[in-house]
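Q: Construct the entire structure; sequences and hints are all you get.
Protein chains: 2
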Amino acid sequence: MKTLLFISIVMITHTAYSQENMEISKEIITLEKTALERWNRGDIMGYINIYAEDIVYFDPMIDKRMDGLNKLSEYYKQWEGKIHITECEMIDPKVQAVDNMAVLTFNLRSVEGMHVYNWNCTEVYRKDEGNSWKIIQTHWSYVKPSLK
Amino acid sequence: MKTLLFISIVMITHTAYSQENMEISKEIITLEKTALERWNRGDIMGYINIYAEDIVYFDPMIDKRMDGLNKLSEYYKQWEGKIHITECEMIDPKVQAVDNMAVLTFNLRSVEGMHVYNWNCTEVYRKDEGNSWKIIQTHWSYVKPSLK
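For the protein sequence lines, the chains are Y and Z, in the order given.
FYI, this note's numbering numbers position 16 of the first sequence as -3, with every residue one higher than the one before it.
FYI, this note's numbering numbers position 117 of the second sequence as 98, with every residue one higher than the one before it.
There's no promise every hint is true.
Since the list can't tell identical chains apart, any single copy or any two copies may satisfy a pair.
25 Å max Cα-Cα, derived SDA-like pairs, lysine to any residue [claimed, not checked]:
1. LYS14 / ASP44
2. LYS45 / THR11
3. LYS108 / GLU1
4. LYS45 / THR67
5. LYS45 / GLY94
6. LYS108 / GLN59
7. LYS45 / GLU68
8. LYS14 / GLU55
9. LYS125 / ILE29
10. LYS14 / TYR32
11. LYS125 / SER54
Rather than coming from a laboratory, the hints here were simulated on the basis of the structure.
Predicted model, so just to flag it, every value in this text is computed and none were measured.
A: What follows is the structure, encoded as structure tokens:
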């Protein structure tokens, strides 16, 4: 009887945990897709609005990790209104979460004019004081870049 | 008086929080440096021992995100005993943490023979049931790769 009770509690806890994680996963993927859709039309504010003040950032165009929302907002201005992605596929997004932090990883295939880009992406989200998920770390890199 | 008490409580809480974060930061950077030093001598087990079962992984040599410790251990075998890094500098490591999850980011300059490699790196650590930090996400990418 005790064993049964224990198993039931474990199962309920596990189900609650999985349920909570599924909800976090859905919420984070929706946030990312929404920001990405805006980015693909040249609207940089979709991402900037969900970046935390202490965000750290990597992409293949910069020399070193970029730290802080101020610098990143300044850096993003060059793309404002200048992106026209015609096709975009987020491949196999996966979220690994605890209560107040979560990591989203995916591959991305995007097409702009004649160019096809294949990306690796890691986003780390953290819950802020107002209970909203904000990105604290972004890492974009090319899939198998051919070095000169 | 009430205001003073409030300020004191806030300051104590903040100090305790900073203290805890500093300790997490030190612990995580030490873990990473130890694994990296073993890697630089061709010992792949330093990293494998601190990877979680559900690790997800990106580097510039693979087509798509790699999922799970089994696949990653298999992939790493090709480097066992074959790495001889002579110089290695972890540049500006930074840890952003909550109680049971933390993200470590840094740039890395490493030298092997005549080759100099410049890397971006993101590691996400999560506390496991035994209270040990394990890596659940690794993302290595080249700094400014020159595309063919």
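Q: I want to check one pair: LYS108 and GLU1. Are their C-alpha atoms no more than 25 Å apart within a copy, between two copies, both, or neither?
A: The answer is both: 14 Å in one copy and 18 Å across copies each meet 25 Å.
Q: Quick one: LYS125 to SER54, C-alpha cut-off 25 Å, is that within a copy, between copies, both, or neither?
A: between (28 Å within a copy, 20 Å between copies)
Q: Checking an output row: LYS14 and TYR32, CA cutoff 25 Å. Within, between, both or neither?
A: within (14 Å within a copy, 28 Å between copies)
Q: Please work out whether the CA atoms of LYS45 and GLU68 approach to 25 Å or closer within one copy, between two copies, in both situations, or in neither?
A: between (29 Å within a copy, 19 Å between copies)
Q: Quick one: LYS45 to GLY94, C-alpha cut-off 25 Å, is that within a copy, between copies, both, or neither?
A: between (29 Å within a copy, 23 Å between copies)
Q: Measure nothing new, just compare the shortest in-copy and cross-copy C-alpha distances for LYS14 and GLU55 to 25 Å and report within, between, both or neither.
A: within (22 Å within a copy, 33 Å between copies)
Q: Can you tell me if LYS45 and THR11 fall within 25 Å by alpha carbon in one copy, between copies, both or neither?
A: Between copies only: 22 Å across chains, 29 Å inside a chain, cut-off 25 Å.
Q: Using 25 Å as the alpha carbon limit, work out where LYS45 and THR67 are close: within a copy, between copies, both or neither.
A: Classified as between: cross-chain Cα gap 22 Å, same-chain 30 Å, threshold 25 Å.
Q: Should LYS125 paired with ILE29 be assigned to within, between, both, or neither, using CA atoms and 25 Å as the limit?
A: For LYS125 and ILE29, only the inter-copy Cα distance (23 Å) is at most 25 Å; the intra-copy one is 28 Å.
Q: From the Cα coordinates, with 25 Å as the cut-off, is the pair LYS108 and GLN59 best called within, between, both, or neither?
A: neither (29 Å within a copy, 39 Å between copies)
Q: What label fits LYS14 with ASP44 when the C-alpha limit is 25 Å: within, between, both, or neither?
A: between (27 Å within a copy, 22 Å between copies)
Hint compliance for this structure: hint 6 is the single one not met.
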